[in-house]
Amino acid sequence: MPDHKNRPMYQRNFQDEFSWFSNPLDWRPIERLILLAALVMLAPILFGGALAFALAFAPEYINRGVGYGLLTLYATQFVVLSVYLLQARYRRAFHSDYPALENALIILFMASVMTTGFLTGTHLSNGLLTLFLGINIASALADVGKVRLAYIAGFTLTVVFTVAGDIYHLWPHAPLFQRSPMLIDGQPVSGWLAIQIITGSVLLMLLGVCVAAVRRWVERESLYREMSIIDGLTRLTNRRALLERGEKELARAQRMPTGATSGFGCIMLDLDHFKEINDTWGHHAGDEVLVTVGDILMNCARRYDEVGRFGGEEFVILLPGVTLDTALAIAERIRGKIALTDIRANDYPIPVTASLGVAVYPASGINNLNDLLKAADKALYRAKQAGRNRVEAMTDAA
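Residue 935 is where the sequence shown starts when you use my numbering, and the numbers rise one by one after that.
Each hint should be verified, as a subset may be incorrect.
Derived DSS-like pairs: lysine-lysine, alpha-carbon spacing no greater than 27 Å straight-line [to be verified]:
id	residue 1	residue 2
1	Lys1182	Lys1080
2	Lys1312	Lys1209
3	Lys1209	Lys1308
4	Lys1312	Lys1271
5	Lys1080	Lys1209
6	Lys1318	Lys1308
7	Lys1271	Lys1209
8	Lys1318	Lys1271
9	Lys1318	Lys1209
10	Lys1308	Lys1271
FRET-style restraints, in silico, Cβ to Cβ [to be verified]:
id	residue 1	residue 2	range
11	Glu1266	Gln1188	39 to 49 Å
12	Ile1086	Ser1135	41 to 51 Å
13	Arg1237	His1207	25 to 35 Å
14	Ser1016	Ala1128	23 to 33 Å
15	Asn1212	Leu1157	20 to 30 Å
16	Lys1318	Arg1237	26 to 36 Å
17	Asn1212	Ala1273	13 to 23 Å
18	Val1017	Arg1169	43 to 53 Å
19	Arg1159	Gly1134	50 to 60 Å
20	Arg1149	Asn1233	47 to 57 Å
21	His1107	Thr1010	21 to 31 Å
22	Glu1181	Arg1237	16 to 26 Å
No wet-lab data here; the hints were simulated from the structure.
Heads up, the beta-carbon is just placed ideally off N, CA and C, and yes, glycines get one too.
Could you build the full structure based on these sequences and the hints that come with them?
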């Protein structure tokens, strides 16, 4: 079978990109633009068809000059988008984006929808609702610059129509109509009701893209937040997030009165001879060791401790509210658990031990988190020098 994943993006089959079972936000930018252009083209097709029907069968309701002018706008939008779509189908074989199509989509969408809303007297309801959807789509399928363009275009047209039409009355209200589409009892005539149904249908189609966009935003935001604080291999807190938590906890410990619960401890752990594990059993075995040790640390730590991967085979456990004796007891429990755990690579046992250094604030020479980490690192070095697979404490960081 052909390997679709290893092919360049521009060589993939059309079906690979336009799977209706995938989220459009997973497609390449140019494919998303083609979909959006097809949806935007529904507006001139449906609205233009409804207007042409009204001109033919209910001419007493429509101002012919304004109606033909609006049809011209729809036809222009349809032709321009058709040309862009043809170019996009050719361009997608060589390029992944199409900035000109993005700009054309936003401007034409805003122009046709806002103009239609003004001419029908609904620019403060349907027009603004569609504007909202348009901006959502633009922000989902383009960059911040395109969102800005959508806001500028929509805001400018809204101001022009509101000031010139509603405030200074340069144009009559709802100039498309020669007769009101509303009956005396307030009910719409059947033709106007049909147009409103068409409008709702178009909005519903566009809303589907918006819902998909918002759902993907939530997924990506959650993923981004996780990636910013979680180590990808061990699923422990990463170095940056660990340091942020440490700064907050140490500051809190420094504010508390001296007592049994005011201490803030740090355990620094380094796996013994880890390079030999990678060299002997391979990096996949080394990864398995790191994951297993991460699980051990989480099981041995208290629920309010912070366990993180500090880098490579080095781990740090932050211990709020501990004395030195408590921190040493936790470290010794961790050391023993690692030494006794059966870790295997291809059914061969891998001997794993760890050296641990412990430091606790308050202590002489420890004034900030960096001092605390250095003290724990010195204790770790002492454990390495004393033969490894042991716990050492640093009571004086000076």
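Status of each hint after checking the structure:
| no. | hint | result |
| --- | --- | --- |
| 1 | Lys1182 with Lys1080 | violated, 39 Å |
| 2 | Lys1312 with Lys1209 | holds, 21 Å |
| 3 | Lys1209 with Lys1308 | holds, 23 Å |
| 4 | Lys1312 with Lys1271 | holds, 23 Å |
| 5 | Lys1080 with Lys1209 | violated, 50 Å |
| 6 | Lys1318 with Lys1308 | holds, 15 Å |
| 7 | Lys1271 with Lys1209 | holds, 21 Å |
| 8 | Lys1318 with Lys1271 | holds, 18 Å |
| 9 | Lys1318 with Lys1209 | holds, 15 Å |
| 10 | Lys1308 with Lys1271 | holds, 25 Å |
| 11 | Glu1266 with Gln1188: 39 to 49 Å | violated, 27 Å |
| 12 | Ile1086 with Ser1135: 41 to 51 Å | violated, 28 Å |
| 13 | Arg1237 with His1207: 25 to 35 Å | holds, 32 Å |
| 14 | Ser1016 with Ala1128: 23 to 33 Å | holds, 26 Å |
| 15 | Asn1212 with Leu1157: 20 to 30 Å | holds, 29 Å |
| 16 | Lys1318 with Arg1237: 26 to 36 Å | holds, 30 Å |
| 17 | Asn1212 with Ala1273: 13 to 23 Å | holds, 19 Å |
| 18 | Val1017 with Arg1169: 43 to 53 Å | holds, 51 Å |
| 19 | Arg1159 with Gly1134: 50 to 60 Å | violated, 36 Å |
| 20 | Arg1149 with Asn1233: 47 to 57 Å | violated, 35 Å |
| 21 | His1107 with Thr1010: 21 to 31 Å | holds, 25 Å |
| 22 | Glu1181 with Arg1237: 16 to 26 Å | holds, 21 Å |
The structure fails to meet hints 1, 5, 11, 12, 19, 20 from the earlier list, while all remaining hints are met.
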